[in-house]
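Novice: Protein chains in written order, with the numbering used here: chain A, 92 to 348; chain B, 336 to 832.
Be careful, since some hints might not be right.
[Said to hold, decoys possible] If you want a taste of the chain B side facing chain A, the calculated C-beta under 7 Å gives, among others:
| no. | residue |
| --- | --- |
| 1 | G372 |
| 2 | V373 |
| 3 | L375 |
| 4 | V379 |
| 5 | W430 |
| 6 | F465 |
| 7 | T466 |
| 8 | L479 |
| 9 | E491 |
| 10 | F810 |
Just so you know, these hints were derived from the structure itself, not from any lab.
By construction, the Cβ of each residue, glycine as well, lies at the ideal position given by its N, Cα and C atoms.
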Amino acid sequence: MKKFMLSLLLAACALTLAAQTEYKASLFGCMSDGVTLNTRSIQTAINTISSQGGGMLHFYVGRYLTGTVFLKDNVTIVLHEGATLVGVPSIYDYVAPSNAPKGIIVAEGQKNIGVVGSTPERELNTNVVGSGIIQGQGALLTENAQAQLAKGYLAKTSGQISPALISFSGCTGVKVTGLMLQGAAGDVVALKGCTDVEVARLLVDSRETLGCNGIVADGCKNLTLTDNFIHVSGSAIQALQSKGVKVKNNKTPKGKL
Amino acid sequence: MTRNIAKILTLGAALLTGWQLSAKDYDVQEFGAVGDGVFLNSCVIQHAIDYVHAHGGGRLVFSPGTYVTGSIYLKSNVTLHIEQGATLLGSTNPWDYVKDPYVGWNAMIFAIKQENVGITGKGVINGRGFTTANNMIKYIQKGLYSDPLRNDRPGETNRPENIHFRECTHVLIQDITLKDPASWNQTYDQCRNLLVERIYVDSKSYWNNDGIDIVDCDSVTIKDSFFDAADDAICFKSHDASSICQNVVVDNCTGRSSASGLKFGTASRGGFRNFKITNLTIFDTFRSAITFAAVDGGQIENITVDGVRSINTGNVFYLRIGDRWSSGKTPTLKNVAIRNVYAEVPFTKPDAGYSYEGPVEDNPRNISPASIVGLPNKRIENITLENIKMVYPGRGDSLYAKVGLAAGELDAIPEMEKSYPEFSQFKELPAWGLYVRHADNIQLKNVSFKAQNADYRPAVVLDDVNGATFSGVAFSEPSARKKQQIFPYKSSSIHVK
């Protein structure tokens with residue numbers, strides 16, 4: 092009986108701890124209306140969660156407009172089914188992490204970060220595929236950026252005009268799984284010098300702009316790419332100067348890779 | 336020959352281009368700004384400012400529309416020109432604003448260490464501060480924003496102002512309407528050569544909504560402007576003990592406040608000197624039309640206020656030396672002249688019905704007199720009051736509150752040197768028109784005191800005053816024909832002509 096009580100207590104403690112690391116986006120004032128620009132609210136959420144030791148930031152059904160947000164240590168963004176992070180079609184709302192392209196979700200030199208389609212428990216049981224969405228509005232964004240280039244208001248530095256959906260540089264312990272990734276202006280997932288990376292069960296559809304590559308890994312270590320469906324205008328997977336790359340069961344409309 | 340003509344033409348074109356560059360207008364919409372009242376333009380506006388700054392300067396023009404924004408930083412040689420019909424609308428999301436680490440304040444439009452900057456045009460800057468401040472409270476209550484919630488509101492440095500300029504030179508603020516900040520409305524701190532003209536301020540959406548704050552600035556002109564503010568309307572401050580706010584002209588301005596109309600202080604560490612205030616109208620103002628507070632060790636000197644209409648305002652003037660945050664410095668308040676004033680003090684609350692009314696406090700007291708109050712060893716000196724007519728309600732009721740003229744009663748009035756300086760701070764005072772304490776050389780010329788009803792108090796009480804001259808001073812109070820209206824106590828060299 093004592094043992095049972097103890098285990099109950101422990102379970103309760105574990106539950107409390109787990110509960111403390113789960114955060115809903117609305118806590119930070121994120122709006123699901125597709126119109127409110129949530130950049131600074133999401134950034135505040137990430138900063139707060141990371142400074143409190145890390146946890147999951149949950150987005151539920153709705154359209155969340157945003158510019159660049161920087162992911163921080165021990166924070167995972169969870170995009171539940173029906174939740175869409177929508178990239179704002181204004182080039183000046185995007186920032187690049189060092190040595191990597193601009194992106195919607197970016198990180199530089201962070202540990203244990205993720206963007207996933209479901210909670211880890213649920214994902215373990217069901218291998219969630221293509222749940223929540225990141226939508227880049229690549230065509231609109233590119234049109235805006237081209238217009239700014241033409242006017243001379245935007246400097247002609249290469250890479251500046253084509254934000255990725257996800258752009259991480261120098262990060263360790265990265266998970267990008269179970270999502271639908273759509274309409275990137277540049278590459279879909281850009282990984283520069285990252286270590287221990289899992290990219291799995293993504294449904295990628297990004298053909299709004301020309302030469303949009305799917306997953307571009309450069310100088311990465313221990314990279315696993317599995318069970319992804321990739322439909323892009325450029326090449327599906329590029330792994331340059333990377334070590335320990337495992338590529339398994341990835342498909343394109345033309346068949347298995 | 337043809338080649339030479341071509342050369343000259345090219346040179347001319349180059350010169351012309353150069354001239355155009357220096358005064359060039361840029362349409363903010365060309366950068367992708369959207370004036371739909373929804374899209375958050377912070378990043379676009381910031382890029383546009385940076386671009387204009389990097390390309391020789393000019394005006395960034397906001398054509399009619401409503402442009403939502405969070406914090407932006409103005410840069411040298413850039414003017415934000417907000418056309419009539421255009422509004423720069425503050426985001427109501429507190430996270431869209433920055434508390435600048437250098438200045439320690441939160442604002443929509445910052446300019447820090449820049450030159451030749453301005454905000455012009457007949458458009459509107461609307462901070463929507465009420466909503467932003469209350470949204471911030473929700474985050475503080477959730478523990479997401481650190482703030483002690485003193486008085487159950489976020490600290491004033493955490494709430495966004497509309498404008499905060501620091502250490503800028505050649506600043507032009509012209510024609511704009513400034514509305515509804517979450518904190519002070521507009522601060523210019525340690526700026527030089529500041530011209531503010533023809534602006535309209537409607538600033539009463541939340542606590543601490545001052546009209547304009549000029550802090551430790553040098554060479555300032557404020558003219559032809561209107562300020563309706565929940566807190567002080569036109570406010571000069573000195574935050575830095577080693578700086579001073581000086582060489583200031585204020586002309587043809589109107590103020591309405593639920594605090595004071597024209598205020599020197601409260602923060603008064605360095606001080607204020609060489610001011611000329613002319614043609615000032617103050618109405619429906621809860622506290623004083625004019626307040627001088629030397630309570631933090633600063634010097635106040637060489638100030639002329641000439642031409643004041645103070646209508647339905649709780650007090651006409653309050654001059655005060657205190658010892659609040661002096662940290663060893665000796666505060667001074669001297670060489671102040673107040674001339675050509677017509678003032679009406681009401682019996683009822685002057686700011687009743689305005690948003691964020693002033694707090695009813697320091698009761699019980701009858702209507703407070705205008706006051707000049709120093710400290711026993713820190714005296715107010717050389718004050719001239721000339722061509723002044725003050726109309727008071729009278730009705731001082733000794734059963735409601737009483738401080739009589741007996742030595743014990745006058746001595747019992749506290750010094751309150753550490754307290755926040757406010758005309759009502761002593762509660763009941765023994766005069767209905769003017770109370771002077773711990774002051775030297777006070778000159779009244781052609782001053783008329785009128786009480787509309789009888790009052791148990793005399794018009795004027797002087798306590799510990801060395802040197803006062805009353806020439807052409809008249810008193811009018813119903814059924815008070817033989818009443819002694821000037822009562823000196825512990826005073827010397829008092830001359831009535």
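Novice: Tell me, in ascending order, the numbers of any earlier hints that this structure violates.
Specialist: Numbers 1, 6, 7, 9 and 10, in rising order.
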